[in-house]
Amino acid sequence: MSKQINVALIGNPNTGKTSVFNALTGLNQKVGNYPGITVEKKEGLCKLPRGVKAHIIDLPGTYSLNASSVDENVVIELLLNKNDKDFPDVAVLISDVENLKRNLLLFTQIKDLKIPTILVINMADRMNRKGISLNIPLLEQRLNTSIALVSTRKNEGIQHLKDLIMDYKELSLKPCLDTSTIDAEYFKNLKNAFPNQDLFKLWLVITQDVNFGNVERQEIDLSQFKTKSHSELKRLQQKETIKRYQFINDVLKEGQTIDASKATGFRAKFDRILTHKVWGYVIFFIILLTIFQAIYDWASVPMDFIDSSFASLSDWIKNTFPPGIFTNLLAEGIVAGIGGIVIFIPQIAFLFLFISVLEESGYMSRVVFLMDRIMRRFGLSGKSVVPLISGTACAIPAIMATRNIENWKERLITILVTPFITCSARLPVYLIIIALVIPKGRFFGLSYQALTLMLLYLIGFGMAVFSAYILNRILKTKSKSFFVIEMPSYKIPLLKNVVITVVEKTRTFIFEAGRIILAISVILWVLASYGPGESFTNAETIVRGENPTLNTIELEDKIAAYKLEHSFIGVIGKTIEPAIKPLGYDWKIGIALVTSFAAREIFIGTLATIYSVGSADAKSGENTIKNKMAAEVYPDGSKVFTFASGISLLLFYAFAMQCMSTLAIVKRETNTWKWPLVQLFGMSSIAYIVALISFQLLK
Amino acid sequence: MSFTIADLKKGERGIITDISSNDIPLKLLEMGCLPGNTVELIQVAPFSDPMYLDINGSHLAIRKETAALIVIEKELNE
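Sequence lines, in order, name chains H and C.
Just so you know, we're using my numbering here: the first sequence kicks off at 325 and counts up by one.
Just so you know, we're using my numbering here: the second sequence kicks off at 1160 and counts up by one.
No lab work stands behind these hints: they were computed from the structure.
Please read all numbers here as calculations on a predicted model, not as lab measurements.
Every residue gets a Cβ at the ideal spot worked out from N, C-alpha and C, and that includes glycine.
Check each hint, because a few of them may be wrong.
Stated by the list, open to error - Derived DEER-like restraints, expressed as beta-carbon distance ranges:
#1 THR1197(C) x GLY1006(H): 48 to 54 angstroms
#2 LYS1169(C) x LYS1023(H): 54 to 60 angstroms
#3 LYS552(H) x ARG1172(C): 33 to 39 angstroms
Said to hold, decoys possible - Calculated from the model, a selection of chain C residues having no Cβ within reach of chain H, i.e. all distances over 10 angstroms:
#4 LYS1168
#5 ILE1174
#6 ALA1227
#7 VAL1230
Generate coordinates for the entire structure from the input sequences, incorporating the hints supplied.
Next comes the structure, spelled out in structure tokens:
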């Protein structure tokens, strides 16, 4: 009896669409990608009365059905394709009570597609404060729909919305206006050419060609039909927009009254400070500083805990289970590998906490506004700020966030330079090397170590801006620049939304990146535990023969080290050693360097695997990665991790393009291998040269 | 000589009269930038660019070069 009802949530950006989605589905949701494109697809299940279930899709935010980006295109493609398995039985249009007029534009378009549509007027709790009153029955009648007044903040109206979804069959299918009146003759010809098609749908398909050119033609073959020139069509679209607004104005004149005197001007007060020519920048800088301080200070506590817990777990496994190949694989490969993933959770969670609070509160748009002019000087856009800040978490979502940059050249440059920004994957590498080679001690109350970290962030940002400046000079792409950004009203972030974002992003990281990291850790362990030829298999006899006087423990250490050197991975490391020796690295670091081209975060995991394979004796407590690295020495007794080699490593990681997933995303977003290859070779050469110079100067 | 949004000073208002330039993106019209609507300049970033506007209740920011395409009739002092 219970058939699922397909529901699509549609709405302008900043209308609280995601809050409604979260309120309907709770944590019962999943985030994936639309096939072939990197647009996030959010869907979830909602329980309705009488055992009925609704399958809910949260479509990307859009201002109209005239798509100008891949994200918006998803909306129109779904709504035009009745055969899609997600085609909605009912559309729920989310509007914001303060921007009802603009939100209704999209509403009228969806109604004209003759899809049953419920109108949600969200943020109803703000009505009083803004002096807005609505005549709901009149609006329902004039718009031919059912309205749910919702406040996700106060958790009101959601039940009513569920009831409306349940009874979607009772919704009127009457369209709002007749588009054909904008050019009667043209639409008459269209009707004659395609007698079986819906006129508004035809019109949308034709105009998508103008705007985007990616909507599938489906069953409509337009090649036979003589259409109009682009500018003529654009003029008609303008006429359509004006006509829709006339209709909306007429409806709202009767259905909505705004008493401006009652409106409180929070927005104006905040804007006066937050977008101020001086204070705006000061506040932004302070916020950034706070974020970095928090990530360095707060995250390091759980990270140290995770690090030592996994080290003791690994010891425990070794001491508890019978020795053998599976115990070793478990302790040295799998546990070390999982530890290398889990250790990122505190930082990723903190970063997304800050980013989602800044986005939810409406502050991020003010940053875009403040930074646009400055960024444009470097060939970037104000909207590049969001990707560049997100880049401090991870380049992958950051590069996906460039989609709302309208200008292709600005967008391409943003994509190309974002990987220079210090992402969270570099952070563990930085933290551990800083702890090893930078002295403790303070400078004006700030620790040297924190200052070094701050400096590394600044170097990454500086390099991003500098290379953007160069690319802006080199790249010859002509494209019309245009830039529109909505300045939403300020809101206190909803805890539920923030928590869901943080949980969701962290979960994605663990499962997406984690899989690769774990797989590589296991492969590494195998490569380190087996080797070619005689010298590996007969390691014990050879070492025993060479050192007849050593006691058992020393002997076992020697054997383990000898084995590692002659394992597969040892051979690889030895082969590249001449190339990295001038940078101050030994062959073990070389191996970590090579594996980090898959993902930077593997560096620590690799060293952990190599060092734990390389030492037979594991005293618990002494066994953290940091202690092992500090104890690493060359055969002559000098330390491997010195100030010079440490700085050289830090700089190498600051500049090198070591992340397969980022390269894959860049390929997808730019639709060619050219740009990811430019990044891989360009950035890695810069890294090599800078590390070389710094080591030679400092050693 | 015709006035455009780019000529507004902070706090000043005008009424949009002409949006016929082909370079004005459709998205801007959809956000409410249509003839007959009032526009108020709320705030400018350094060098008056971009410009933060209230167009008929829609709050948005556009660059000066786009603002210079939208012809307005300046509202006299109230």
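Distance restraint evaluation - THR1197(C), GLY1006(H), Cβ atoms, bounds 48 to 54 angstroms: This hint holds: roughly 49 angstroms between Cβ atoms.
10 angstroms cut-off, C-beta based - LYS1168(C) kept clear of every residue in chain H: 15 angstroms, holds
Range hint compliance [Cβ, LYS1169(C) to LYS1023(H), 54 to 60 angstroms]: At 57 angstroms between Cβs, range holds.
ALA1227(C) and chain H, when compared Cβ to Cβ, separated by more than 10 angstroms: 12 angstroms, holds
Given as non-interface: VAL1230(C), which should sit over 10 angstroms from chain H by C-beta: 15 angstroms, holds
Status of ILE1174(C), Cβ more than 10 angstroms from any chain H Cβ: 15 angstroms, holds
Satisfaction of the hinted span 33 to 39 angstroms by the C-beta atoms belonging to LYS552(H) and ARG1172(C): 36 angstroms, holds
Consistency with the previously given hints is maintained throughout, with no hint failing.
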